[in-house]
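K.L.:
Protein chains in written order, with our numbering: chain Z, 1 to 388; chain R, 1 to 388; chain S, 1 to 144; chain G, 1 to 144.
One should not assume that every hint holds.
Unchecked claim - In the BS3-like style, the derived pairs of lysine-lysine whose C-alpha atoms are separated by at most 27 Å in a straight line are: (1) Lys20/R x Lys20/Z; (2) Lys273/Z x Lys376/Z; (3) Lys58/S x Lys117/S; (4) Lys81/S x Lys126/S; (5) Lys259/Z x Lys273/Z; (6) Lys216/R x Lys89/R; (7) Lys376/R x Lys128/G; (8) Lys376/R x Lys11/G; (9) Lys58/S x Lys11/S; (10) Lys259/Z x Lys89/Z; (11) Lys376/R x Lys58/G; (12) Lys108/Z x Lys89/Z; (13) Lys58/G x Lys128/G; (14) Lys81/S x Lys48/S; (15) Lys89/Z x Lys108/R; (16) Lys89/R x Lys216/Z; (17) Lys108/Z x Lys89/R; (18) Lys376/R x Lys17/G; (19) Lys89/Z x Lys20/Z; (20) Lys376/R x Lys108/Z; (21) Lys50/G x Lys79/G; (22) Lys108/R x Lys140/R; (23) Lys376/R x Lys48/G; (24) Lys108/Z x Lys108/R; (25) Lys53/Z x Lys11/S; (26) Lys17/G x Lys117/G; (27) Lys376/Z x Lys48/S; (28) Lys376/Z x Lys79/S; (29) Lys126/S x Lys376/Z; (30) Lys376/Z x Lys17/S.
Stated by the list, open to error - On the chain Z side, residues computed to face chain R include the following (Cβ under 7 Å): (31) His37; (32) Glu105; (33) Phe109; (34) Thr160; (35) Lys164; (36) Leu309.
Since the hints were derived computationally from the structure, they do not count as laboratory data.
Where is the CB? At the ideal position from N, CA and C, for every residue including glycine.
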Amino acid sequence: MRRIYLDHAATTPTQPEVVKAMLPYFTNAFGNPSSIHSYGQEAKGAIEEARDKVAALIGAPSEEIVFTSGGTEADNFALKGVAFANEGKGNHIITTSIEHHAVIETCKFLERRGFRVTYLPVDAYGLVAPDDVRKAITDKTILISVMHASNEVGTIEPITEIGKIAGEASVYFHTDAVQTVGHIPVNVDDLGVDLLSLSAHKLYGPKGVGVLYIRKGTWLVPFMHGGDQERRRRAGTDNVPAIVGFGKAAELAQKDLSKEAERLTSLRDELIKGLLERIDHIHLNGHPTIRLPNNVNVSVDFVEGESMLLNLDLEGICASTGSACSSSSLEPSHVLLALGLSPEQAHGSLRFTLGRENTEEGIECVLEVLPRVVAKLRAMSPLLKSHR
Amino acid sequence: MRRIYLDHAATTPTQPEVVKAMLPYFTNAFGNPSSIHSYGQEAKGAIEEARDKVAALIGAPSEEIVFTSGGTEADNFALKGVAFANEGKGNHIITTSIEHHAVIETCKFLERRGFRVTYLPVDAYGLVAPDDVRKAITDKTILISVMHASNEVGTIEPITEIGKIAGEASVYFHTDAVQTVGHIPVNVDDLGVDLLSLSAHKLYGPKGVGVLYIRKGTWLVPFMHGGDQERRRRAGTDNVPAIVGFGKAAELAQKDLSKEAERLTSLRDELIKGLLERIDHIHLNGHPTIRLPNNVNVSVDFVEGESMLLNLDLEGICASTGSACSSSSLEPSHVLLALGLSPEQAHGSLRFTLGRENTEEGIECVLEVLPRVVAKLRAMSPLLKSHR
Amino acid sequence: MRDVWSLYSEKVMEHFKNPRNVGEIENPDGVGHVGNPVCGDIMELYIKVKDSTIVDAKFKTFGCGAAIATSSMVTEMVKGKSIDEALEISNRALAEALDGLPPIKMHCSVLAEEALKSAVEDYLRKSKHVLSEAKEKKGSNKSE
Amino acid sequence: MRDVWSLYSEKVMEHFKNPRNVGEIENPDGVGHVGNPVCGDIMELYIKVKDSTIVDAKFKTFGCGAAIATSSMVTEMVKGKSIDEALEISNRALAEALDGLPPIKMHCSVLAEEALKSAVEDYLRKSKHVLSEAKEKKGSNKSE
Ligand SMILES: Cc1ncc(COP(=O)(O)O)c(C=O)c1O
Ligand SMILES: Cc1ncc(COP(=O)(O)O)c(C=O)c1O
Numbered sequence: 001m002r003r004i005y006l007d008h009a010a011t012t013p014t015q016p017e018v019v020k021a022m023l024p025y026f027t028n029a030f031g032n033p034s035s036i037h038s039y040g041q042e043a044k045g046a047i048e049e050a051r052d053k054v055a056a057l058i059g060a061p062s063e064e065i066v067f068t069s070g071g072t073e074a075d076n077f078a079l080k081g082v083a084f085a086n087e088g089k090g091n092h093i094i095t096t097s098i099e100h101h102a103v104i105e106t107c108k109f110l111e112r113r114g115f116r117v118t119y120l121p122v123d124a125y126g127l128v129a130p131d132d133v134r135k136a137i138t139d140k141t142i143l144i145s146v147m148h149a150s151n152e153v154g155t156i157e158p159i160t161e162i163g164k165i166a167g168e169a170s171v172y173f174h175t176d177a178v179q180t181v182g183h184i185p186v187n188v189d190d191l192g193v194d195l196l197s198l199s200a201h202k203l204y205g206p207k208g209v210g211v212l213y214i215r216k217g218t219w220l221v222p223f224m225h226g227g228d229q230e231r232r233r234r235a236g237t238d239n240v241p242a243i244v245g246f247g248k249a250a251e252l253a254q255k256d257l258s259k260e261a262e263r264l265t266s267l268r269d270e271l272i273k274g275l276l277e278r279i280d281h282i283h284l285n286g287h288p289t290i291r292l293p294n295n296v297n298v299s300v301d302f303v304e305g306e307s308m309l310l311n312l313d314l315e316g317i318c319a320s321t322g323s324a325c326s327s328s329s330l331e332p333s334h335v336l337l338a339l340g341l342s343p344e345q346a347h348g349s350l351r352f353t354l355g356r357e358n359t360e361e362g363i364e365c366v367l368e369v370l371p372r373v374v375a376k377l378r379a380m381s382p383l384l385k386s387h388r
Numbered sequence: 001m002r003r004i005y006l007d008h009a010a011t012t013p014t015q016p017e018v019v020k021a022m023l024p025y026f027t028n029a030f031g032n033p034s035s036i037h038s039y040g041q042e043a044k045g046a047i048e049e050a051r052d053k054v055a056a057l058i059g060a061p062s063e064e065i066v067f068t069s070g071g072t073e074a075d076n077f078a079l080k081g082v083a084f085a086n087e088g089k090g091n092h093i094i095t096t097s098i099e100h101h102a103v104i105e106t107c108k109f110l111e112r113r114g115f116r117v118t119y120l121p122v123d124a125y126g127l128v129a130p131d132d133v134r135k136a137i138t139d140k141t142i143l144i145s146v147m148h149a150s151n152e153v154g155t156i157e158p159i160t161e162i163g164k165i166a167g168e169a170s171v172y173f174h175t176d177a178v179q180t181v182g183h184i185p186v187n188v189d190d191l192g193v194d195l196l197s198l199s200a201h202k203l204y205g206p207k208g209v210g211v212l213y214i215r216k217g218t219w220l221v222p223f224m225h226g227g228d229q230e231r232r233r234r235a236g237t238d239n240v241p242a243i244v245g246f247g248k249a250a251e252l253a254q255k256d257l258s259k260e261a262e263r264l265t266s267l268r269d270e271l272i273k274g275l276l277e278r279i280d281h282i283h284l285n286g287h288p289t290i291r292l293p294n295n296v297n298v299s300v301d302f303v304e305g306e307s308m309l310l311n312l313d314l315e316g317i318c319a320s321t322g323s324a325c326s327s328s329s330l331e332p333s334h335v336l337l338a339l340g341l342s343p344e345q346a347h348g349s350l351r352f353t354l355g356r357e358n359t360e361e362g363i364e365c366v367l368e369v370l371p372r373v374v375a376k377l378r379a380m381s382p383l384l385k386s387h388r
Numbered sequence: 001m002r003d004v005w006s007l008y009s010e011k012v013m014e015h016f017k018n019p020r021n022v023g024e025i026e027n028p029d030g031v032g033h034v035g036n037p038v039c040g041d042i043m044e045l046y047i048k049v050k051d052s053t054i055v056d057a058k059f060k061t062f063g064c065g066a067a068i069a070t071s072s073m074v075t076e077m078v079k080g081k082s083i084d085e086a087l088e089i090s091n092r093a094l095a096e097a098l099d100g101l102p103p104i105k106m107h108c109s110v111l112a113e114e115a116l117k118s119a120v121e122d123y124l125r126k127s128k129h130v131l132s133e134a135k136e137k138k139g140s141n142k143s144e
Numbered sequence: 001m002r003d004v005w006s007l008y009s010e011k012v013m014e015h016f017k018n019p020r021n022v023g024e025i026e027n028p029d030g031v032g033h034v035g036n037p038v039c040g041d042i043m044e045l046y047i048k049v050k051d052s053t054i055v056d057a058k059f060k061t062f063g064c065g066a067a068i069a070t071s072s073m074v075t076e077m078v079k080g081k082s083i084d085e086a087l088e089i090s091n092r093a094l095a096e097a098l099d100g101l102p103p104i105k106m107h108c109s110v111l112a113e114e115a116l117k118s119a120v121e122d123y124l125r126k127s128k129h130v131l132s133e134a135k136e137k138k139g140s141n142k143s144e
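From just these sequences and the hints, can you work out the full model?
P.N.:
Structure (structure tokens):
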């Protein structure tokens, strides 16, 4: 059966050219970049080339790029690193109620260790108000962390505006840009951020490698303690093949970023339009226009997300949901609830995130299959009856 | 030029069969194991198979295996995880003066955060005395961390004895087994450990993946906060290809562990014997017999390690040194100093760590080349003169 | 690589794909209504009882794959069973009949058991009512 | 992949492979002895001076590749220079002459500069001594 993958926000396939670039570093040029000998130095050279490429993608100097094991580590590093280094100055952190778990759970950990965290609300579209950030700042505030775009509903946050506010208040500013880098233009100076998280596997690079961008002069303690790697900012043997792959993926992403963003935007809007037309009692989640080019998130009334997902999967369509049933907790997506959705609506959410391999054909397939699936599930829904 | 790689303690080449096992998980079966759809579930199945294989290699139940980004993360996780979870009980940690930086630097971080750390001394061979461990335990002791074998001098520590002591005192016991797993038999029950760190790239698996073995009932907080991966013990998108590669490498390692250990031990002893015969003023570092099958560490008087290394590299021989010049600090190896070597001797150390590709021929090559290199460097050494 | 990877057993998927006994029963003898929208699972179970035997069962469920499959399974299992037998169906038995459920989905089988219990209790309550009404009638008849 | 990867520039490696002026000078006019074993670098620099010009220089070094290369380079650079010119050779000039050094190795060039200064100072001290001895002699001659 042909499968249509529409879950690019979860992970993307590693591009064949990326794999090809990685391969020599497993078996031939397998050295440890910390080694002085030729094997070590050729590996070292390779990661420095990759660093340049990733730096170029976000408009940063190469020295401000620190490789990590992924976006989760980058977020942990940014938050714990700043918190532990600056607790002499203050113990207050500002973030939002729609951050990725890598930020939220790290904040909760810090709360248990004496820090105070403000979780700012968002509006019905998932937008944070810069003015709320301004008002939340106290003289104890040491860090503001607001994601660049929501992995769930795709809404793009006003980072530049918040960056100005953070700059004026001289508070460190971190953004989780895992969902934006490689998909929309990202420039650390334009955004005015001190710290920025990214992850290779969201932009057709390999899993297990990310970056924390750290602006020069930002004071944070290491998260991973040990050897002298990454100019003593992140210990652990460099994951050479993955870093090289990240470099290649960054290079490829930069090449056709705007063309691909345009193409996906039009597919996205076609899918949204089609779904709203063909299914009744369906709602778009997130902002209609200030959203990622590849994100479609809808709530379908009276039916539950996982059961839609499984039915779609049976027909070869791979998507995602914010329903609790897909996680080990029983609560539905904190993001959808923060947008003001009812628990039922949150449980009835479906996310389609498009990518390079998707074409018009895939969109049409979803538009053909989903209405059938919804009809089938609504026929067994006890909620529909009570609605009537 | 043919190169002879003798730095397997730094990293090993990924075996071709391992790379082959990984490849499908980059481009075809590229899913995120947290996804419900078929791409996700096939990735999930793959990591669970790999978990079984790694578990088998150390005699552990699969549920007690938590994948990390490497040995450094496993060490950070074990130490910080236990420390932060058990500070209500006590704030004292016992370790040794010869641990890897991933343990030592993590301990220093914890010291800055209010924990007290005892760094036990070692004897001239690098052995920790179990009785010293016993004496160091107080009612505030929450963790003992002693490495299984030294990455520098190869000495194998009496972990089983220390495990008994830790068990009797009901103190958590961690061992960094990064240099032993896959090279000598390791069984978590025989060793009596609650926590054990390993790293795939030291046993012909890929870089960027490791494991923290966590015995059921061990109380520790997560190190990487975020999503629900690894039964909520370690957040972050699973590095599927690397985990699959680790599984394959574990399987291969288990297959011919004892045969390979025997082969390397005889090459090791040949190299040691040859070096001591052909070069005067040379000393073996570490224990003569209670040592890793693949480790040769010597100090050559009057000459500095990096300059030997570079000369060897020019002739295609890749080795390592404990000299400061190879790191960003100016101090020579803390391990060699802990063994009682003078700074000069520590600076004059050379480590050869053998592996699968090495044969008699490589050993003979070292025995032919190194005496020439030493003679050349001694001719320009100001220390030799003052010694005469 | 294995050929088939799935969150669920084949049996679960079979019931999920072709759920048995979907719908409502008109004038049911017992209805169970359990779960709540916050947790994402709502089950309605309808039973028809004749001579203390469950002769028909239908369900409506809002929930995940496991919720739908266990709902389907419970309706299959209760049909033909006596009220007493039905009350003995445990969530474990349901999960086993489905060749197992993932640990995080076991609560769905609990919910199905509760739906069944609740439907049976509803029946018992109603029939007691009917019984006592009948008794009352009889009594009043007698007294007449 | 690039063809050549190395910690050091080709120039450094060239000097490391074929260090110039290795050895000691018998009866040197100045000797510089710097560094210590704890840091892993020890340099000895010997100079021969004629009419305030350094006519020969030799070194002995215990140290890393950069230490050996900068030692070799400093002996090359001072030969034929006047004492005053020699004192103007900075560690940066040494590093530049070697087409650069890795940041963590810059201290080796500092050490080489110090070795040179120390050798020159040794020469100046000795020659002052000789000078003053000569002066003394002259003076005593006069007074005779
Ligand atoms: C917004 C956001 N932040 C962080 C992460 C975590 O990144 P990683 O999967 O590389 O750990 C993700 C993806 O899972 C994400 O979407
Ligand atoms: C004993 C020991 N512990 C920990 C590590 C760190 O492991 P990794 O390189 O996977 O971060 C190493 C190797 O560098 C090691 O030899």
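K.L.:
All the hints need checking, so say for each whether the structure fits it.
P.N.:
Going through the hints against the structure:
{"no.": "1", "hint": "Lys20/R x Lys20/Z", "verdict": "holds (13 Å)"}
{"no.": "2", "hint": "Lys273/Z x Lys376/Z", "verdict": "holds (22 Å)"}
{"no.": "3", "hint": "Lys58/S x Lys117/S", "verdict": "holds (14 Å)"}
{"no.": "4", "hint": "Lys81/S x Lys126/S", "verdict": "holds (19 Å)"}
{"no.": "5", "hint": "Lys259/Z x Lys273/Z", "verdict": "holds (22 Å)"}
{"no.": "6", "hint": "Lys216/R x Lys89/R", "verdict": "holds (19 Å)"}
{"no.": "7", "hint": "Lys376/R x Lys128/G", "verdict": "violated (37 Å)"}
{"no.": "8", "hint": "Lys376/R x Lys11/G", "verdict": "holds (20 Å)"}
{"no.": "9", "hint": "Lys58/S x Lys11/S", "verdict": "holds (19 Å)"}
{"no.": "10", "hint": "Lys259/Z x Lys89/Z", "verdict": "violated (45 Å)"}
{"no.": "11", "hint": "Lys376/R x Lys58/G", "verdict": "holds (16 Å)"}
{"no.": "12", "hint": "Lys108/Z x Lys89/Z", "verdict": "holds (20 Å)"}
{"no.": "13", "hint": "Lys58/G x Lys128/G", "verdict": "holds (23 Å)"}
{"no.": "14", "hint": "Lys81/S x Lys48/S", "verdict": "holds (11 Å)"}
{"no.": "15", "hint": "Lys89/Z x Lys108/R", "verdict": "holds (22 Å)"}
{"no.": "16", "hint": "Lys89/R x Lys216/Z", "verdict": "violated (40 Å)"}
{"no.": "17", "hint": "Lys108/Z x Lys89/R", "verdict": "holds (22 Å)"}
{"no.": "18", "hint": "Lys376/R x Lys17/G", "verdict": "holds (10 Å)"}
{"no.": "19", "hint": "Lys89/Z x Lys20/Z", "verdict": "violated (48 Å)"}
{"no.": "20", "hint": "Lys376/R x Lys108/Z", "verdict": "violated (60 Å)"}
{"no.": "21", "hint": "Lys50/G x Lys79/G", "verdict": "holds (11 Å)"}
{"no.": "22", "hint": "Lys108/R x Lys140/R", "verdict": "holds (18 Å)"}
{"no.": "23", "hint": "Lys376/R x Lys48/G", "verdict": "holds (24 Å)"}
{"no.": "24", "hint": "Lys108/Z x Lys108/R", "verdict": "holds (24 Å)"}
{"no.": "25", "hint": "Lys53/Z x Lys11/S", "verdict": "violated (50 Å)"}
{"no.": "26", "hint": "Lys17/G x Lys117/G", "verdict": "holds (25 Å)"}
{"no.": "27", "hint": "Lys376/Z x Lys48/S", "verdict": "holds (24 Å)"}
{"no.": "28", "hint": "Lys376/Z x Lys79/S", "verdict": "holds (24 Å)"}
{"no.": "29", "hint": "Lys126/S x Lys376/Z", "verdict": "violated (32 Å)"}
{"no.": "30", "hint": "Lys376/Z x Lys17/S", "verdict": "holds (10 Å)"}
{"no.": "31", "hint": "His37", "verdict": "holds (4 Å)"}
{"no.": "32", "hint": "Glu105", "verdict": "holds (4 Å)"}
{"no.": "33", "hint": "Phe109", "verdict": "holds (5 Å)"}
{"no.": "34", "hint": "Thr160", "verdict": "violated (26 Å)"}
{"no.": "35", "hint": "Lys164", "verdict": "violated (29 Å)"}
{"no.": "36", "hint": "Leu309", "verdict": "holds (5 Å)"}
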